[in-house]
Amino acid sequence: MSTAVQTSKLNRTYSRLGGLAGIIVTAVVFLVPFAFIFVTASKTRAEASLLEFSWPTEWAFVENLVEVVQSRDYILITAFINSTILTVGSVTIMVVVSAMVGYVLQRRKSRWNPLINFLVLAGLIVPPAVVPTIWVMQGLGIYKTLHGLILIEVAFGMAFCILMFRAFVSTIPRELDEAATMDGAGPVRLFFKVIFPLLRSVIVTVIVVQSVTVFNDFQNPLYFLPGDKGATVQVTLYNFQGQFSTSWNLLFMDILLITVPMLIMYIFFNRQIVAGMTSGAVKG
Amino acid sequence: MTDTLHARTQEAPASIDAPDRTRKARKRSTYPMWFYAPAGVIYGALFVIPTFASFYFALTRWTIFDSEFIGLENFKTFFAEPYLFESLLNTLFYATFTSGAKVVLGLLLAVFLSSQIIARGYLRSVVFFPVLVSAVGVGVTFSVLMDPFDGLINKVLAVFGVEGPGWLTDPDLALFSVAFVDVWRGVGLATLIYIAGIVAIPQEYFEAAKVDGANAWHRFWHVTLPLMRPATTTVIILSLIGGLRSFDLIWTMTKGGPGFSSDVLASVVYKQYQAGFYGLSTAGNVVLFVLVAAIIIPLFWFLNRKEVDQ
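These protein sequence lines are chains A and B, in that order. Here this note's numbering is used: the first residue of the first sequence is 80, the next is one more, and so on. Here this note's numbering is used: the first residue of the second sequence is 372, the next is one more, and so on.
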């Protein structure tokens with residue numbers, strides 16, 4: 080009896096002390112950088128230039144926000160519009176075409192399956208060849224265009240989506256296909272009216288994970304869509320780093336602006352993000 | 372491979388065999404092959420063709436206007452120039468260090484965050500959130516925090532009487548510092564994968580071990596750790612692929628500098644591309660491709676085989 084009481088007491092102490100230690104350590108390691116972004120973004124130029132981790136003596140949050148949005152002819156607005164089109168466009172195409180592949184790949188056993196499975200795995204592993212890709216895009220006339228970049232994101236993100244869809248389709252009973260076919264549904268109707276709606280939960284996961292990936296992508300926009308007109312938010316931030324080296328308040332305001340959408344995503348889609356990023360990732 | 376061959380030999384008689392053909396035809400209508408077409412066209416044009424083309428263009432002197440076949444000249448340059456060759460070693464170091472650190476820290480954090488502590492959900496969220504912040508944002512923030520004179524890290528160290536080094540300006544330290552930030556950003560994902568693994572362990576195992584008199588350390592070493600092999604496989608492979616291809620963070624924090632001390636293959640590819648040496652840049656791509664394939668494929672096979680053995 081007494082030992083049981085002792086251990087439960089011990090457990091409670093561990094629970095409190097451990098949690099407390101965790102809170103302190105994560106606060107220092109993980110929260111301080113974010114707090115630093117926030118306070119620096121709220122300071123005046125002079126105070127921000129000291130790079131101190133302190134509460135702003137004079138709040139300039141709104142002024143900084145207005146200034147950073149207006150800078151360089153409202154490039155940030157352009158960048159947010161471009162990033163939104165890029166993310167929405169590429170994720171939509173990715174979901175539809177990958178779901179079609181994942182569905183047929185799981186349902187139909189053909190001699191092409193090993194080759195397709197190999198290509199999907201290759202898509203996860205192989206680093207894209209940059210200059211030859213530009214060469215192909217130039218040949219197709221889509222280099223330095225937003226729709227070209229959308230197709231690039233689709234091509235590079237597809238493998239992950241196909242794996243997710245293939246795994247999920249295997250949980251949908253085949254009898255359903257047969258019943259729908261019996262009722263006279265053609266393959267297109269069967270897929271888009273019967274199967275696709277059933278994929279909803281995995282579609283949400285794929286959309287959330289890929290949106291985060293595409294929105295945060297820096298390398299592909301840098302290579303395939305150079306120039307101010309097509310700048311995405313990540314490229315704009317990278318360019319600001321060089322230009323705003325004397326006005327840290329504006330630079331950090333920009334970081335804050337591109338981090339907030341991810342924070343909102345995380346608050347609303349916590350479960351889907353975790354599910355998508357921890358499962359299916361490399362399960363071939 | 373054997374599957375394809377097998378299928379191919381079966382295919383010939385099938386075209387003569389009438390009933391088999393009708394069955395095939397019906398199957399075709401339910402799950403049509405053309406469903407592969409939209410994805411296949413995009414993937415083939417923008418991924419498969421460039422990948423194959425890279426093997427040819429790596430052997431050429433290639434400018435905007437034309438390409439001239441020069442054999443293995445680019446690869447000779449690549450392995451002869453110290454600053455290019457060093458990027459290969461840096462890539463290996465970077466990938467090994469980040470993936471090793473993510474495995475160790477991720478596992479420890481996961482064990483801690485799945486034990487009975489207060490504020491567990493909150494702590495998990497805080498550890499995971501950096502995964503969602505863009506590499507550029509993290510890179511810019513940390514290059515400010517790591518500033519040798521004004522940076523917060525060295526200011527804090529100065530309070531304790533330690534003179535902090537030039538994290539990103541010291542050639543011996545720059546790559547290590549970037550790798551550290553990469554771990555900071557990515558450890559949350561490793562932790563989450565491990566937590567998912569730990570949660571899946573049946574509670575009876577721990578109870579049985581407890582009854583047998585195992586203390587917390589024994590339970591970790593003999594129960595948790597062996598059962599974490601699939602999760603470890605996932606973490607190692609994911610972070611190695613990410614680490615070998617890593618570009619964003621290095622480019623925003625050091626641009627491969629000071630000098631060439633933190634250049635990796637991906638940044639060399641970009642630099643040579645910017646300088647107009649398209650052939651050399653593509654050769655760098657091919658080296659990266661070979662490196663990734665040579666590490667990931669055997670590892671994948673080895674780790675998965677071990678799993679089957681159990």
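A portion of the hints provided could be inaccurate.
[As the list claims (entries may be wrong)] Just so you have them, the derived chain A footprint on chain B, three or more residues with Cβ under 8 Å:
id, region
1, 562 to 571
2, 640 to 650
[Unchecked claim] Incomplete in silico selection of chain A near chain B, CB under 10 Å:
id, residue
3, S94
4, S128
5, R187
6, L230
[Stated by the list, open to error] Estimated spans, in silico, between C-beta atoms of each pair:
id, chain 1, residue 1, chain 2, residue 2, range
7, A, V145, B, F577, 20 to 28 Å
8, A, N196, B, F673, 47 to 55 Å
9, A, V267, B, L460, 47 to 55 Å
Don't read these hints as lab results, they were simulated from the structure. Every value quoted in this text rests on a predicted model; they were computed, and no experiment measured them. Ideal Cβ positions, reconstructed from N, Cα and C, are used throughout, including at glycine.
**OP:** With a C-beta cutoff of 8 Å, work out whether three or more residues of the region 562 to 571 of chain B approach chain A closely enough for the coverage to hold.
**Re:** That given contact holds, which follows from 3 residues of the region 562 to 571 of chain B lying within Cβ reach (below 8 Å) of chain A.
Original post:
Does the nearest C-beta of chain B fall within a distance shorter than 10 Å of the C-beta of A/L230?
Top reply: Interface hint status for A/L230: holds (6 Å vs cutoff 10 Å).
**OP:** May I ask you to test the interface hint for A/R187 with respect to chain B, counting a Cβ-Cβ separation under 10 Å as satisfied?
**Re:** Since the shortest Cβ distance to chain B is 4 Å, the answer is holds.
Subject >> Per-residue hint verdict: A/S128, partner chain B, C-beta under 10 Å >> reply: Check passed: Cβ of A/S128 comes within 9 Å of chain B, closer than 10 Å.
**OP:** Evaluate the given range 47 to 55 Å for the C-beta pair formed by A/N196 and B/F673.
**Re:** With a Cβ separation near 20 Å, A/N196 and B/F673 fall outside 47 to 55 Å, so the hint is violated.
**OP:** Check, residue by residue, whether the region 640 to 650 of chain B contains three or more positions whose beta-carbon lies closer than 8 Å to a beta-carbon of chain A, and give the verdict.
**Re:** Holds: 4 residues of the region 640 to 650 of chain B have a Cβ under 8 Å from chain A.
Original post:
Honestly, do A/V145 and B/F577 meet the 20 to 28 Å range at C-beta?
Top reply: Between A/V145 and B/F577, where Cβ atoms are some 57 Å apart, the hint is violated.
Original post:
Close enough to count: is the Cβ of A/S94 nearer than 10 Å to one in chain B?
Top reply: holds, 5 Å
**OP:** Kindly confirm whether 47 to 55 Å is satisfied by the beta carbon distance between A/V267 and B/L460.
**Re:** For B/L460 against A/V267, whose Cβ atoms are near 53 Å apart, the range 47 to 55 Å holds.
Of the numbered hints given earlier, the model fails hints 7, 8; all others are met.
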